[in-house]
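S.K.: Chains as they are written, first to last, in this note's numbering: chain A, 23 to 145; chain B, 42 to 209.
Rather than coming from a laboratory, the hints here were simulated on the basis of the structure.
Just so you know, not all the hints are guaranteed correct.
As the list claims (entries may be wrong) - Simulated pairs of lysine to aspartate or glutamate, EDC-like, Cα-Cα distance not exceeding 20 Å:
1) LYS164/B x GLU91/B
2) LYS164/B x GLU31/A
3) LYS205/B x GLU140/A
Keep in mind it's a predicted model, so treat the numbers as computed, not measured.
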Amino acid sequence: MPGRYLPTEYLPVAIFIAISIAFGLGALIMGSMVRLRRPYREKLMPYESGIDPVGEPRVRFSIRFYIIAMLFVVFDVEAIFMYPWAIVFDKIGLFALIEMIIFIVILLVGYVYALKKEAFRWE
Amino acid sequence: MLEFFFGYLSLVIIIFSLLVVLSKNAIHSVLYMLVMFFHVAGIYLLLQAEFLAAVQIIVYAGAILVLFLFAIMLLNLREELSAEQLTDGWPASLAVVAGLLLTLMLSLGGFTTTFNGSWSPEKIKEITFTKALGQALYTGYILPFEVASIILLVAIVGAIVLAKRRLN
Numbered sequence: 023m024p025g026r027y028l029p030t031e032y033l034p035v036a037i038f039i040a041i042s043i044a045f046g047l048g049a050l051i052m053g054s055m056v057r058l059r060r061p062y063r064e065k066l067m068p069y070e071s072g073i074d075p076v077g078e079p080r081v082r083f084s085i086r087f088y089i090i091a092m093l094f095v096v097f098d099v100e101a102i103f104m105y106p107w108a109i110v111f112d113k114i115g116l117f118a119l120i121e122m123i124i125f126i127v128i129l130l131v132g133y134v135y136a137l138k139k140e141a142f143r144w145e
Numbered sequence: 042m043l044e045f046f047f048g049y050l051s052l053v054i055i056i057f058s059l060l061v062v063l064s065k066n067a068i069h070s071v072l073y074m075l076v077m078f079f080h081v082a083g084i085y086l087l088l089q090a091e092f093l094a095a096v097q098i099i100v101y102a103g104a105i106l107v108l109f110l111f112a113i114m115l116l117n118l119r120e121e122l123s124a125e126q127l128t129d130g131w132p133a134s135l136a137v138v139a140g141l142l143l144t145l146m147l148s149l150g151g152f153t154t155t156f157n158g159s160w161s162p163e164k165i166k167e168i169t170f171t172k173a174l175g176q177a178l179y180t181g182y183i184l185p186f187e188v189a190s191i192i193l194l195v196a197i198v199g200a201i202v203l204a205k206r207r208l209n
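Starting from the given sequences, assemble the full structure and let the hints guide the process.
M.R.: In structure tokens, the structure reads:
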């Protein structure tokens, strides 16, 4: 069920998204219309800095990437919580500051744990 | 006009959700999900939940999808990509989804949208959604807010424990 008002102040964002999609698609379509198409085997080969590609394109990623991504998600969410907090900070004042310090300290425990467990080290 | 946007967003969400489930290539599924997340953000905008729309894009499209991509690349689905279908339990899934849909449709019949307490849509519109959310969250809902940090802490510790065990 939609709300009562159309978010008209987001019209520039919609126009921006539309232009970027049109620009991306337009460049591809224009390119495919204008360019010559003379494929041969070497040309269709994946480019790997000039040397012949070796092995499969789908390699199994290291689990370390997953830890980094997971930590990124967690601290992303933490930063998100700070945004509405910063907006209303002048209204709530010291109380809000203490709240946020508790919030950050709890997450800092996780950060210290990650440091201790050497989650950031690639070895 | 409102109905037009709502219809467009819901239609794209339904189509791309189906594509996510039906696509055989898991990476393509993630990319379809990206499109779906952006349209869900559009639905949030229509509901005046601007902050949620931003969160939907920053956290879901930005961070959670990266996690999905890494999970897929970790699994290294090679045989599964050439398989006819990933799982063969689809009649059961269909039955569950149909049951859920039926329950929703039956229960939504007697549903009216209204607001409770002092936060009327006009008031939220006046002071802007993010400010309203901040005031409610950081004065009335302190405990849930602090509990959220503990949940995030559990996520950090869990990820490190699981991944480190695999490394050793």
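S.K.: Which hint numbers does the structure go against, in order from smallest to largest?
M.R.: none
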